[in-house]
Amino acid sequence: MRAGVIGSGIGGLLAAGFLAEKGYKVEIFEKLPFVGGRFTNIEYKGFQLTTGALHMLPHGNRGPLAMALRELGIDVEIVDSTPVATAQYGGEIFEVVTGRFPIASILKFNWEILRHKLFNVERSLADVSEKLDPFSKAFTRAFCGWSLSVLPEDIPFPKMKRIYDSIRKYRGPGIPIGGCKSIIDGLMDYLESNEVIISTKNPVKGIEIRNKVARAIFVKGEKKEFDLIISDIGHPETAELTGDESYINKVSDLQSSGGIKISVSVKEPVLGHTGVMFTLDTKRIAGVNEVTQADPELAPSGRHLVMTHQPLVTKNIKYEIRLGLKDLKKIIGHRNYEIIAIQSYRERWPVNRVMAGHDIGNNTPFENLYVVGDGAKGDGIEVEGIAMGVKKVIDEL
Amino acid sequence: MLLVSEQCVGCSQCSFVCKKEAIEVEGKAKILHDLCNECKRCIMYCPLDAIKVVDR
Chain R
0 MRAGVIGSGI GGLLAAGFLA EKGYKVEIFE KLPFVGGRFT NIEYKGFQLT
50 TGALHMLPHG NRGPLAMALR ELGIDVEIVD STPVATAQYG GEIFEVVTGR
100 FPIASILKFN WEILRHKLFN VERSLADVSE KLDPFSKAFT RAFCGWSLSV
150 LPEDIPFPKM KRIYDSIRKY RGPGIPIGGC KSIIDGLMDY LESNEVIIST
200 KNPVKGIEIR NKVARAIFVK GEKKEFDLII SDIGHPETAE LTGDESYINK
250 VSDLQSSGGI KISVSVKEPV LGHTGVMFTL DTKRIAGVNE VTQADPELAP
300 SGRHLVMTHQ PLVTKNIKYE IRLGLKDLKK IIGHRNYEII AIQSYRERWP
350 VNRVMAGHDI GNNTPFENLY VVGDGAKGDG IEVEGIAMGV KKVIDEL
Chain W
0 MLLVSEQCVG CSQCSFVCKK EAIEVEGKAK ILHDLCNECK RCIMYCPLDA
50 IKVVDR
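Protein sequences appear in the order of chains R and W.
Using numbering that gives the first Met the number 0, the first residue of the first sequence is number 0, and each one after it goes up by one.
Using numbering that gives the first Met the number 0, the first residue of the second sequence is number 0, and each one after it goes up by one.
For reference, chain W alone in the conformation it holds in the complex (with noise of 0.2 Å):
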């Protein structure tokens, strides 16, 4: 499961390059787990390292 850190400014890439649309921005990303695919794509283009993989 992909979980969105207090580091997360809300810049809103993850949203952009999310091709589910499973990321929502207000203030900080929220991940909308039930559309994601944990791709990781998000991951790869956060700027502050703010996505990290947990397990469930």
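Isolated chain R, as found in the complex (with noise of 0.2 Å):
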């Protein structure tokens, strides 16, 4: 059986290496001069910043990625965040424990969850979040900011249950020593001894589609027939390479979210721990980490570095990241700092290819054609979302 990945991020790696551990001929394509999308690394002045990701990973060791990565014996040292988070609220950071939040607030959410169960009420967090207390309210807007890149306003309060669920069930999250690339890496020679083949700056021009079935990739004049075809580019740009109407209409609504990231180098440790920092007397940034702490490789000798996330919340990007860089200043406080380097992500390079809460999952109108990656991800966050998602379409074939 030959199967043909479109994209080479994280989704289209994982999905490769499981297709290749099942005996499949399995060749990638990607537009790009290099692999990992926007899980990788970028080496700039000394730091190793990343094309999109914040190295890091949401569950940590006991996530759905880790897991799977062991699944395929690669090895990737991931250290788990201790503390998993601080919060940084009325000038004062304490770690984040549930004994912080108001009785009455752990009440009103646990009574909204009964709510939902019992009479299917459908809320926003934004709803639910606006009868809680102050610290809990503002909690909430900067963990979806954070882990979500979404305004409490924009997510269904059921989706956010899950992730609830989800973070109760592997816990909070790691840093892979190395950094984003370091589970790219190990992928890659995974791939290379199984045999599979890819190519870069090879963009894929089409898919052809006969008799509702998915047979072969167009590249570079030349066509490959395949049995499977995986795509790790979203439903959007598989709808369009397909040309399929009824496909490319289903998908024309799906809205992606996007962010700004802020990395900062700093002397003095700003979070002095592996964990987030959740920072909510802030406009914009919804919380921080120091990826240094886990890994001294990521910036020179003597540096740290800091990384911010911020929503998009206007399309006015030069807005938003005045903003985040006031923002900047009331987290980092007295240190002296310098910012390497301002990455905003939207649109067609964004934070999430579809907004949390409204994936519409792996599946295609056509069998032997899935999509997986950002772009379908289900309810999970980020990169342990991307791997349930892999997970379950090689369970399917």
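Only true hints are included.
Here are the simulated EDC-like cross-link-like pairs (lysine to aspartate or glutamate), alpha carbons at most 20 Å apart as the crow flies:
1. Lys-314(R) - Glu-346(R)
2. Lys-204(R) - Asp-48(W)
3. Lys-317(R) - Glu-23(W)
4. Lys-44(R) - Glu-25(W)
5. Lys-314(R) - Glu-5(W)
6. Lys-325(R) - Glu-25(W)
7. Lys-390(R) - Glu-20(R)
8. Lys-314(R) - Glu-25(W)
9. Lys-219(R) - Glu-207(R)
10. Lys-219(R) - Asp-48(W)
11. Lys-200(R) - Asp-48(W)
12. Lys-158(R) - Asp-378(R)
13. Lys-44(R) - Glu-23(W)
14. Lys-317(R) - Glu-25(W)
15. Lys-29(W) - Glu-346(R)
16. Lys-317(R) - Glu-5(W)
17. Lys-18(W) - Glu-42(R)
18. Lys-328(R) - Glu-25(W)
19. Lys-19(W) - Glu-42(R)
20. Lys-30(R) - Asp-48(W)
21. Lys-44(R) - Glu-20(W)
22. Lys-136(R) - Asp-153(R)
To give a feel for the contact side, a few chain W residues facing chain R, derived at Cβ under 10 Å:
23. Gln-6
24. Cys-10
25. Gln-12
26. Ser-14
27. Phe-15
28. Leu-47
Partial selection, computed: residues in chain W whose CB lies under 10 Å from chain R:
29. Val-8
30. Gly-9
31. Val-16
32. Val-24
33. Glu-25
34. Gly-26
35. Lys-27
36. Met-43
37. Cys-45
38. Asp-48
None of these hints come from the bench; they were simulated from the model.
What you are looking at is a predicted structure, and each value in this text was computed from that prediction instead of being measured.
Just so it is clear, CB atoms sit at the ideal spot from N, CA and C, and this is done for glycine as well.
Two chains, two frames, some hints: make the complex.
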């Protein structure tokens, strides 16, 4: 059996790994000159920055991605975050533990879960958090911004509940030693030793559909036949490649979510731990991490790499960046800092190809064509959702 | 001359690969023409094909 994979992001590479393991003859097509998509490192001014992600796995060693890598025998060292999270609130910094949330708010939250279960009441997270105390409300906002890059207004409460459940199941985040690229490198080694063919600078121009079955991929004037096609480029772009009108229409209103990442160099640590610091006193920045606490090699010696994330609220990027920079000053306080890079993510190089809560899953109208990756990750968060989606597709074959 | 089109989302990969430090990114990439030697590395690395060569 031959499988063609479009796109070499972490979803495409992971899918290729499992397919090779199942005995498929796999070929991967990547349009860019590098593999790893938005989940790999860029070396810049001595820092290991990234093409997208924040050198963090939402569920660390126990999460779906780490489990999938272990299943393939890929060895990546992941440092689980301790503490999982702190919060900067009212000028103070403290660890986020259940006891920090007023009992009344916890009861209200549980009551809302019960209401949803019993009466199927559908409300946005904002409607629910509106009724909570100021800390819980601000925390909800920061949490959504950091992990989903959305505002509470834009996410249905049940979706939030499922994320809450998966955090309780898989626990908090972890930082891969070597950053995102160590995972990509691990996957690439696995693929190479399993004779998977990978070509870069090789954009796919079309997918041939005959009798409702995807049969071939067009690249550089060449047609390549496959028994199975996996796309890692999201539904809208996949639909475009098939040219199928009804598929194109079906996925045309899927919206991506954007965000801004600021990579900052500091001498004195800002967090001093390997977890996330949710920022509640800010206008835009939702949280920061300090990955050099787990792996000092991600920055030049004597420096820490701090990365902020903020969801895109308006379409005015310059304005959003200005608010982010103001927030940054507040977060960093008296310390000296140097901005290494400001990267914005939206449209076709977004934070999430599909806004959290609106995902339509891995299937397409064609039974041997699947979409994996960030554009089809169900209810999972970031790369964890990607790993869950890939596993789901592989199990279905 | 290289020009950045409307498609640019500011992902900044062009500025990271530019050897002449001829690209500034603030929301969108901006090419500093007096520093640019038109090596076209940025074109190769742009995920969105947003940088084009135009005649002067």
